[in-house]
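Those protein sequence lines, which keep their order, are chains A and B.
The numbers in the first sequence follow my numbering, run straight up by one, and end at 243.
The numbers in the second sequence follow my numbering, run straight up by one, and end at 462.
Calculated directly from the structure, the hints in this document are not laboratory data.
Treat the hints with care, as some may be off.
[To be verified] Below, in silico cross-link-like pairs of lysine-lysine (BS3-like), each with a Cα-Cα straight-line distance of 25 Å or less:
(1) Lys428(B) <-> Lys389(B)
(2) Lys154(A) <-> Lys301(B)
(3) Lys273(B) <-> Lys229(A)
(4) Lys273(B) <-> Lys154(A)
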Amino acid sequence: MGKKPEIPLIVDGKRIDGRLPDQLRNIEMKIGEIENADGSARVKFGNTEALVAVYGPRSLFPKFLQETDTAIVRAIYNMAPFSVDERKNPAPDRRSIEISKVTKEALSGAIFLEEFPRTVIDVYEYIIQADGSTRVTAINAASLALASAGIPMKDLIAACSVGKIGDTLIVDLNGKEDNYSESDMAIAMLPSKGLITLLQMDGRLSKEEVLELLKKAEENCKKIYEIQKKTLLDKFKVAEEEV
Amino acid sequence: MAIREIVLPGSYIGERKGRKLINCYTEGEKVYSKVLGILKVSEEEIAVIPLAGKYVPKVGDRVIGVIDEIEVSGWWVDINSPYKAFLPLGEALEEFVDLRKVDLSRFYDIGDVIFCRISKVTKNKIVQVSMKDMIARKLFGGVTIKITPFKVARVIGKGGSMIELIKNKTKCEIYVGQNGLIWIKGHNKEKAIKAILTIEREAHTVGLTEKISKMLEGE
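Model the full assembly from the supplied sequences, consistent with the hints where possible.
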């Protein structure tokens with residue numbers, strides 16, 4: 001953040017990977033990669049790849065952690081040691097503890113937790129390859145995994161990152177842009193309701209820019225939402241023929 | 244009238260019009276789905292039948308449970324759900340038991356398999372099961388297998404046709420619990436298990452009854 005990049009990030013209106021400012025990276029989504037889990041998903045945003053497994057609702061021990069009237073969500077975010085250029089220590093650090101907390105809050109806002117009192121829903125988010133916007137990729141994957149685990153939710157959760165390079169507002173930051181941009185913002189929302197469940201910002205932005213970025217984020221979250229819906233419907237289409 | 248399609252969490256279904264809702268939520272008069280499932284709309288109710296998920300106990304369900312723990316005056320039963328069920332002494336036995344003299348493990352011991360009925364579920368999901376039911380019994384020997392709870396309906400078949408077919412062809416004793424546990428006993432139990440697992444795996448295909456029938460005859 002704020003450092004000077006070795007090469008300019010935007011040349012002739014195109015970003016370093018050849019995208020336009022408003023363009024998302026290639027998105028790939030897959031469901032059911034982990035057979036043992038109740039629900040799982042693998043989501044790729046360009047080179048960023050997240051693998052998420054959901055277990056539960058299941059009984060929670062030790063017993064003093066149980067809530068008598070609702071379920072709790074435990075999210076664990078971690079990056080694989082090989083996910084970045086320099087080896088990442090696999091032990092949870094300040095950053096991954098923070099992201100675990102914010103993703104947990106982003107997800108639990110959409111789940112009907114009161115239907116499963118005294119239980120826990122475990123969400124394991126693992127970043128296999130990191131190239132910027134890892135937390136939003138993890139949230140997108142977690143939302144798919146939760147839906148495929150049959151957990152009741154208000155809506156799917158779509159997330160996307162937006163930022164600013166020079167005077168240009170951009171969406172879906174990659175690793176380089178994440179490091180050298182003036183500002184970046186991660187947003188998760190329930191697209192069909194227009195409710196925001198995660199909003200984090202780094203760097204400096206004016207009020208107008210924030211509002212403009214929120215609008216861009218909403219637009220792109222809706223695009224991601226469509227891909228999520230299509231992935232789920234494709235996976236369970238076979239089941240449709242059954243009845 | 245029955246329209247069947249797949250809905251996702253948050254899919255808009257329609258206006259409520261005073262109908263009963265199953266696995267749906269409302270915002271004002273608008274009805275949305277809560278889970279990923281198959282939509283069934285009729286004039287009385289709007290229901291979404293989930294395609295995945297854990298078994299949640301419901302009063303009246305007949306389930307297979309495994310005794311997990313013995314208490315002073317009852318048993319804890321594992322019913323393949325996030326919640327354990329309690330089997331109180333009064334719901335388990337007809338006879339008088341003097342608790343000062345008798346050890347409860349002589350009736351049901353840890354690891355015993357029972358076929359029971361869910362008699363009570365509180366708001367906080369405290370579950371009680373009962374053996375006071377026509378079909379409830381202790382299951383001796385045999386093997387217990389686990390399938391997805393939402394595919395139990397397919398294993399039973401329309402009016403019990405599928406399970407009757409397997410019972411007749413393999414001459415096995417089979418009990419199907421609504422929680423996804425199935426208990427099988429008999430000489431041909433491998434055959435029956437294979438058939439049930441095939442049904443679970445291919446639950447979505449058409450003409451499954453004939454396929455299972457052929458499969459059981461062929462071997």
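Taking 25 Å as the top limit, are the C-alpha atoms of Lys273(B) and Lys229(A) close enough?
Holds - the C-alpha atoms of Lys229(A) and Lys273(B) are around 20 Å apart, at most 25 Å.
Are Lys273(B) and Lys154(A) close enough, with their CA atoms no more than 25 Å apart?
holds, 13 Å
For the pair supplied as a hint, Lys428(B) and Lys389(B), confirm whether the alpha-carbon distance does not exceed 25 Å.
With Cα atoms ~15 Å apart, Lys428(B) and Lys389(B) stay inside 25 Å; holds.
Given the proposed pairing of Lys154(A) with Lys301(B), does the C-alpha separation stay at or below 25 Å?
holds, 23 Å
Checked against the numbered hints given earlier, the structure satisfies every one of them.
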